[in-house]
Structures are given as structure tokens and as C-alpha cells.
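Asks: With the hints as your guide, set chain U onto chain L.
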Amino acid sequence: MLRNLECKSMFKTYPSEPQVTGLALAGLKPVESAPADRKSATFMPEQKSAETESSTSSSATENAVVSINNLSVHIGKKPVLNDINLEIMPGQVTALLGPNGAGKSTLLKSLCQETELSAGSISMLGKPLHNWNRAELAKSLAVLPQHASLTFPFKVHEVVQMGLYPLSISQQQGLEIVDKQLQQVALSALKYRSYPTLSGGEKQRVQLARVLTQLAQAESTPILLLDEPTSALDLAQQHRVLELAHTLAHKHNYCVIVVLHDLNQACRYADRLVILEQGEVVSDGKPAEALTADIIEKVWHYKPTLVIDPNNKLPLIF
Amino acid sequence: MENQRWLWPCLLTGLVITSLLSVSIGPLQISPYTSFNAMVNWATGQELASVAPHEQLVINNVRLPRTILALAVGATLAQCGAVMQGLFRNPLADPGIIGVSSGAALGAAICIVLFPNGGEYLVAFSAFVAGLATTLIVYRLAASPSGTSVVLLLLSGVAVAALAGAGIGVLTYMANDMALRDLTLWQMGSVAGAQWHYVILSLIALAVISWQFNQSAKALNALLLGEAEARHLGLDVDKLKLKLIVLCAIGVGIAVAATGIIGFIGLVVPHLVRMIIGPDHRLLLPLSAMLGAAILVVADIGARSIVAPSELPVGLVTALLGAPFFIILLLKQRNKLV
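Respectively, the protein sequence lines represent chains L and U.
All letters in the first sequence, in the order written, are residues 1 to 318 by the numbering used here.
All letters in the second sequence, in the order written, are residues 1 to 338 by the numbering used here.
Please note that a few of the clues may not be correct.
So these bits of chain U aren't anywhere near chain L, every CB distance computed over 10 Å [claimed, not checked]:
| hint | residue |
| --- | --- |
| 1 | 21 |
| 2 | 34 |
| 3 | 61 |
| 4 | 137 |
| 5 | 232 |
With a cut-off of at most 25 Å between alpha-carbon atoms, the simulated BS3-like pairs for lysine-lysine come out as follows [said to hold, decoys possible]:
| hint | chain 1 | residue 1 | chain 2 | residue 2 |
| --- | --- | --- | --- | --- |
| 6 | L | 139 | L | 191 |
| 7 | L | 313 | L | 303 |
| 8 | L | 127 | U | 239 |
| 9 | U | 239 | L | 109 |
These are computed hints drawn from the structure, not numbers from a lab.
All residues carry an ideal CB built from backbone N, CA and C; glycine is no exception.
For reference, chain U alone in the conformation it holds in the complex:
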């Protein structure tokens, strides 16, 4: 209880500072003060403060969409991760568990390798459709007349992910050098080259899932008691599960379509937040969103600074940060799991 009082302002300040840094840092160094002015200009559509035209241009068309995309995708992935962990009552679950990431990757791979001239929109679109379709297949596999079994859901997720992996393997084998590079980069995820319509789409998705998740936060808490117990509390458990899974598939599908696969945000962020404020979803969800957004922005700053003037895919940075953390989690849980 007393923790959350400082957490809100801290996270909010952190978000503002990291966003400002993200807009300022890059091959063209812009001072935070100038970038703040440039953002005010951009937001109001007028030239209230004087900013050099080339700096204004870079901020409007490169840095700002990139930063906002990172914020939106980070917040989406973290919230979906928190919801999946609640839904599966397993703190080590992540959005990929229902097959959305692997399905999206397969969809993208098909486009990249078989339709090399389709353009990036086709890649994004097919990634989204394939991600959603895979999720629905996984859900169908696990559904039975007496309800949806979580164990079956997990197993079908694993099986479908393996199948998608095999498909990507075949496509990789068939791909030419150019497609191979695209494929590899896409699977590592990046917010570079963000475009405004992706940004807007991601923001809409974020708004919808945040609103809906918030509505379900109390029900998610009850679900942690166990499915039978939640039913006894009068919850329509199967409807809730379907709703949350579809929302996650949409959120993650759009995120993946816009940026490629960015791992570990959905796994690690909710876990971190839960360690500080506890498992109550009414707080966990909004705070995870804020922390996820901040972490992805920081990771993106890292991605373009570490090997400047070249860039790392941001998915690589999150994996480099997230994987060791995940291993620590596993080690801490080991005693309980054995």
C-alpha cells in the first residue's frame, strides 16, 4: 500500500525523462530543451519556439514516432504479459504462450520469402492475421464442452509454436540472401523506421486493451484463486478467458506487426511490478504498462547508442537484458518448482 504512493510519480517522471532523452539522443544530437520545444511545436502545430528546421524535421518524422511507438508497444506487451500470467496462474507465462508470436513470425516469414515484392505493409498485415489465427487455433484445440483446460492450452501453444518454428525453418532454408537478412532482422524486432500510421494503430490497440483489461482486473484477481473457485464466485470463466486471449492476440499481433518480435518485456516487467506492489491486477496492469513503456524506450536508446552510428535491433537489447533476469527468476523459483 505505502509502496504505490511513490511508485506512481516515480514511474511518471521516469517516463517523461526517458521519452525526452529518446527524442534527443541519436546521430544528430539535439539538446533536451530544444527537443521539448520541438515537441511543443509539433503538438500545437504552430511555431511557438524557434527550433532549427532540420532538427524539427528529424523530431517530427523520425524520433517522435519512434519514441511513441516504443512507448505504446512496451505498454501493450507488458500488460498482455501480466494478463497471460494471471490467466495461466503462472508467473512465468508470457504473451507468446498462446502462439501469437510464433504465428505472427510465420505469417511474416511467408510474406518475406514467398512474396519479396509485397512490401512491408503486407508483411505486417500477414503477421497480424497469422498471429490472431494461431491464437484461435490454439484456443480451439484446448476448448472442450466442459470448459477450456489451461494445461491443454499450454500444450497446444507449445505444439503450434513448434509447428510454426518448423515452417519458419523451411522458409529460411528456401530464402535467398536478401530475404534471409530481412527475416532475421524482423525476428529480432525494431522500432526504427517507425511510421505514423503504425504509431496510431498501436496507440488505438493500447487504448482498447488497457480499457478492457482494467474492466476485467477484479475478475482476473478472482481467477487467481483457481478456475473452480472463480466459477463459484459467479464468474463466467470461459467467457473471460476467451475475451482476454483475443485481446492479447490483438494487442500483441499489432505490436508484432509494427515492430517485429520483441521478447522479454511481457515476461519480465509484470514480474518486477508484482515484486513491488503485489499481484492485485487493478494496480499491476497500469503500473506494468508504464514500466514496460519506459523499459522499451530505454532499450531503444541503447539499441541506437551502443554501436552508433549503426543500430542494434531492440529485440536483441531486451533479450540481452531480459534473459539474465529470467534466469535469476528461474533460480529463485527452483526450490518451489522441484
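The shape of chain L in the complex, shown without the other chains:
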């Protein structure tokens, strides 16, 4: 079933590796709407095929994967989030934006049950968050931490294997998944390296492979939370990680929620921007609609130069 998912690997592959068969996520259902002749025609820009697919898949799944209703969070007496209402859809990358202290991280934390809610509720895949069994939810919800503080000298593949923890599969299957995810982030060559000796960017990619391993057998829509995934990466790696997130959402119907600081990256890779200021949603929508010069000035207190990129009609901010 992985045959019809052939697309170009997000990362450059090493010559020693076997031919990468694209986003070969084991256990993932092939996207029905991808006709076989399309991929064999010519090399297709991914955006294009992705958009046609997302339009078909969004009509099939109208329901939001994550529903946030009247959510308020106080830390001590200070309100950090105030009456947030969001419906987050599958097959999209939703970016949370806002200045420092706006509540982005707290929102992400409340999605993964790390903060207590003062009011309101969150439901995932149609079930209130507090009713979920943690181990069950872990098969569908994975979180990429901003910093991973693993100091023990595990090998790279051992770290990725930890993503298998919530899954109940045979060892052989598990090892195959791990190998595929390592290929996907172009780290197969470092499989036996000791994790603490890697560079910050490599560590981040190992963690990404681990998190994707965790979602490899999701029975319902996989939900991927990324907390500033690009902060440790160089420019090319930043784009590759976000491109991967984009592909996962559009080709494999993942629900990707990402906290970002770079507005241009958010415009380019996210389908929807949610802009927070002082714990409230001040703007929400497609990049071109949600991110206007006025909003940027109001939220970030910075007067931007905003032009519209003639190629893709997306805002470019300087």
C-alpha cells in the first residue's frame, strides 16, 4: 500500500542508502484520491497535488479533530489564556503565532494536558481530553518538544525506538517503522551514533523521527504538535521540517499544530494562522487574511513592510 505514495523525500539522501520510497509511513492508509497516473506523469510540485487532495479530504472529514471551547488558563492569579474557542481541522497545518508571552506555549501545553484548565474544555477526536486514556491518546497525539534534554548516551535508533512505546506491534514491524522514519528525516547514516554527540539540528530531527514513529499506527487522524520546531535548525533544515509537516498534513491528513516565530515561514507552510495576543485570539484565518500590516503592528508593536509575493499570493513581511 506504500506503492502509490511515492513522492520525493523531504531530505537529501545519502548515496549509501537504498532508494527512498518517499513518505513511507507504515500503517498509513493510502490517500484514495491520488490516481496512479498523476504521480507517474512528471515530477509534480507538491503544493499543487496537495491542494487538490486537501479539498477532497476536507469535504470527507468536516469534523474538527481538536475542539477548544471557552478555554481559560490562569497561572497563579495571572490569566494566560482567556476564553479561547478554536476548531482545528485535519489535513491542515495550523500555526500559532504571537509575541512572547502571548499564550502560544500555554495553549500547546493545555492541548497535551500539562497545564490545568481554569475554565472551558478541550476535546480531541470527538472525546473530551480528560476522558482519554493517556496510553490510547498517545497513539494519535504526539508532541515534539522544543528542547529535549536527553543526556544518557543512547544511540540514535534507540531514541527513535522509544516512539514505539505506546504501540503494540511486533519487534520486526517496529524496527521497520524506525528505519523508515530515520530515512524520512535523512538520518539513516547516523543510526548508530550516540545521541548526545549530535548537533542541535540533528537532535531535533531525531526527536522528530521519534514523534513520527509514535504516530505510525494511528487508527484515527494523527495529531502532531510542534513547539517551535525550527528554533535549533539552520535555514535549509527549517524549510525541510516545515515542508515535511506540510506534506504530512496534506498527503496524509495529519492535523498539525505548530508554534512558530517566523511569520514568513508561517505564511508559506501553514494553511491557517491563529494569532494570539495577551491570551486572546486576535486574528484567525488563511495567511493572506489573518496576517495584515495592521494586525502585525497591533500585536507585535512593529511597523512592517508587507508585500504580496506575486508567485504564490502570500504576504511577505520584512
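Replies: Chain U alone, transformed into the frame defined by chain L:
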């Protein structure tokens, strides 16, 4: 991966050889061959091989319980050390960090000084109870509605240990000469005078904790990623922590009750094993158990040979061996810690 292939047979052979030596060496020299025969006799309950009656007696009642106790306690301490280091995600943690040793020492000191006629069982029992109670107090102090903080756990461990130390100080001040000697010796730990019921108790504790730790080995690996990350993997982190801490308290509590305080095994052995095979608890735990058992047996042979016919407390030997090693570890880590 390729390391572990030779490590298993090596450790196993080492264990057999050191145990055989431990049974043979002492004031009454018995050849390893004779002691092997004597052990066969003991194990089968029949006289299959001819062994001089006095040698059989010494082996049955002195050497064998002593050796098995050293094996069981060494294995227990090393495994508990490995688990504590994993739990605190700190390679310099040891079982004492949750207050079990200091609590047990205080419990024993109270008995030795205030109830001098209570006998050694009372000392052992109160050491065990006090050790477990101290651990639970430390855990309570660190627990909050949003989970147990490792930093708080460490700090409360330090604070409670200081309090227990002060209590032992007061008792030392009050003690008469006889109690003072008992107290000092007890705090240095010894497997001499091992009795079969302690041996059996230690073996049961070892079996239980080894089995349970082995069940939690994968979860412990995931915990090394970080507590939040482990939670995201679907782990019930607080339940796991409580379970492991209580198991460690029971294991170390029984070990301390049976032998007194034996330091550095729990600190150094897991570290050594980790340097060879890496941090995967599925291997680290059983191999630490084997190495810990072997090292304590060797240390005990040293304890009764160095100043023969007198004996050193084995805790002194492990400290003499372990402390320099610990200093080397600190020096190696210094660059990372600064």
C-alpha cells in the same frame, strides 16, 4: 550490541569463580574443590562427596549464607542504584538519595542506643521500617497536585538526610561505649555473621525487585527522554515513579537491615555497566545486578583477608574502592557540569 555477547558469559563465570573463592577463603582454608563438593552436599541434602565434617559445618553455617547474602545484597543495591539514576535522570544519583539509607541508619541507631537489649532483629526491623517511612516522607514532601518534582524530591532527600544525620549525632552523643561501637560498625556495613533467614529474606526481595524492575525497563528508558516527553508517550509517570521508589525503598531497606549500610555499590556499578553497554535499562538492570553481586563478594573476600584473622567491615572496603572511582567520575563530568 557486540559488547554484550561476551559480557554475559564473562560476568556469569566471574560470579561462579568469586562465589567459589568466597566459600573457600577464610581463617579455615578449604580448597575450592572441597568447597564445591560441600556445596553439592548442601544443595542435595545428601552426602554425595566426602567432606570433612568441620569443613562442611563451616560452609553450611558460615561461608555459604555469607556469600549468598553478599550476592543478593550486591545485586539489590546495584539494581536500585541503576533505577534511581534513571528515575532522577542523573548518573550520579544513588539509592541513598531518597533518604532510605539515612532513615534506616536512624532507625537502627535508636534501637542500638535506646534499647540496647532489644537484640539484632529489633535493630534490623526498625532500620527497615524507618527506611521505608523516610522514603515515603520524602516522596510526600515532593508530591504536589501537578505531579512530583524531581528537584523537590532531591532537595527533600537532602533535607531529611540532614535531619536523620542530626538525630544520629544526638544518639551518638548519648551512647555508652558499647552502643557506640555497635553503632559505628553498623554504619559501615558487614555481611559477616549472616543468618539464613536474612539470606532468604534478601533473596525474596531481590527476586521481587528484579522482576518488577524488568517489567518497567522500557518505561524507564522512555523516562530518560524527560518527564513531559514520557507523558506524551502515554506513560503514567507519577505511578511509575511511586512504584519504583517504593520498590527501591523495600530492596535497600531489607539490604540495610540485613547488612548495615554498604555504600558505593549502587552508585558505581550501574555507571560502570552503562559505560560498557549503554543506558538501555533492559540490559543495564540484569548486568548491573550481576556485576554488583560479584563486586560485593570480592569486597567481602577482601574484608576478611586484608587484616586476617580480624575482619574489616565490608562497607569500608566498598567505600575505599568506590570513593576514588567516584572522584574520577566527577572529574570526567566536571566539564559538562560547569
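Asks: Confirm or reject each hint.
Replies: Now for the hints, and whether the structure bears them out:
1. 21: Given that every Cβ of chain L is farther than 10 Å from that of residue 21 of chain U, nearest at about 34 Å, it holds.
2. 34: 46 Å, holds
3. 61: Check passes; 44 Å lies beyond 10 Å.
4. 137: 26 Å, holds
5. 232: 4 Å, violated
6. L:139 - L:191: 24 Å, holds
7. L:313 - L:303: 21 Å, holds
8. L:127 - U:239: Judged against 25 Å, a Cα distance of about 24 Å means the pair holds.
9. U:239 - L:109: 21 Å, holds
The structure is inconsistent with hint 5 alone, although it conforms to all the rest.
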